[in-house]
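Start from the sequences, fold in the hints, and give me the full structure.
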Amino acid sequence: MARKARPSLKQLGHATKPPASPEEAVLERIPNSQPRERYLVRFACPEFTSICPVTGQPDFAHIVIDYVPKAWIVESKSLKLYLGSFRNHGAFHEDCTVAIGKRLVEELKPHWLRIAGYWYPRGGIPIDVFWQTGAPPKDLWLPDQGVAPYRGRG
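The opening residue of the sequence shown carries number 231 in the working numbering; numbering runs sequentially from there.
I should point out that these hints are in silico values taken from the structure, not numbers from a laboratory. Because the structure is a prediction, the values reported are computed rather than measured. Glycine is no exception: its CB is placed at the ideal position from the N, C-alpha and C atoms. There are no misleading hints in this set.
Each pair of labels, with its calculated beta carbon distance range:
| hint | residue 1 | residue 2 | range |
| --- | --- | --- | --- |
| 1 | Y380 | P261 | 37 to 43 Å |
| 2 | G354 | G320 | 20 to 26 Å |
| 3 | S238 | K368 | 35 to 41 Å |
| 4 | L372 | S306 | 16 to 22 Å |
| 5 | S238 | Q287 | 35 to 41 Å |
| 6 | G382 | S238 | 47 to 53 Å |
| 7 | G286 | S263 | 42 to 48 Å |
| 8 | G286 | D358 | 19 to 25 Å |
| 9 | G376 | R266 | 25 to 31 Å |
| 10 | I355 | R266 | 43 to 49 Å |
Cut-off 30 Å, straight-line C-alpha distance, at most; resulting in silico cross-link-like pairs (DSBU-like, lysine-lysine):
| hint | residue 1 | residue 2 |
| --- | --- | --- |
| 11 | K368 | K339 |
| 12 | K332 | K247 |
| 13 | K307 | K332 |
| 14 | K368 | K300 |
| 15 | K307 | K247 |
| 16 | K247 | K310 |
| 17 | K310 | K300 |
| 18 | K300 | K240 |
| 19 | K339 | K247 |
| 20 | K240 | K332 |
| 21 | K310 | K339 |
| 22 | K332 | K310 |
| 23 | K300 | K339 |
| 24 | K240 | K310 |
| 25 | K240 | K339 |
| 26 | K332 | K368 |
| 27 | K339 | K307 |
| 28 | K300 | K332 |
Structure follows, in structure tokens:
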């Protein structure tokens with residue numbers, strides 16, 4: 231079996247300065263080696279942080295990204311750097327969650343993508359944000375995201 235040429239990646243395998251903002255972050259992609267297969271890729275980021283645009287206080291979330299690739303898959307180091315770039319980014323929960331999903335769709339053009347932002351309470355109210363590109367493919371095994379609803383101390 232012939233080896234495929236490795237794509238030119240600027241972040242993987244290199245010392246990389248964390249991006250200062252989501253706009254500055256570079257999402258890299260690599261060719262999907264199984265483009266004829268219908269399969270799910272899941273990324274979970276249980277320690278996602280951003281900044282409240284009003285108070286400047288940190289917001290915390292458990293982000294779960296599920297997608298079915300076509301020609302491209304996201305390179306995971308670049309995704310980690312992209313998600314980390316929100317650490318000092320001021321935006322509401324809904325904007326952060328949907329913006330991440332839209333950016334991934336723009337870069338990867340997957341068959342399907344969904345993102346869930348399970349935000350920890352601020353002011354006593356947890357906010358969960360869900361966005362997807364459409365109905366999941368019928369032949370796809372879609373496991374539960376495994377994030378329990380917020381129950382407080384009870």
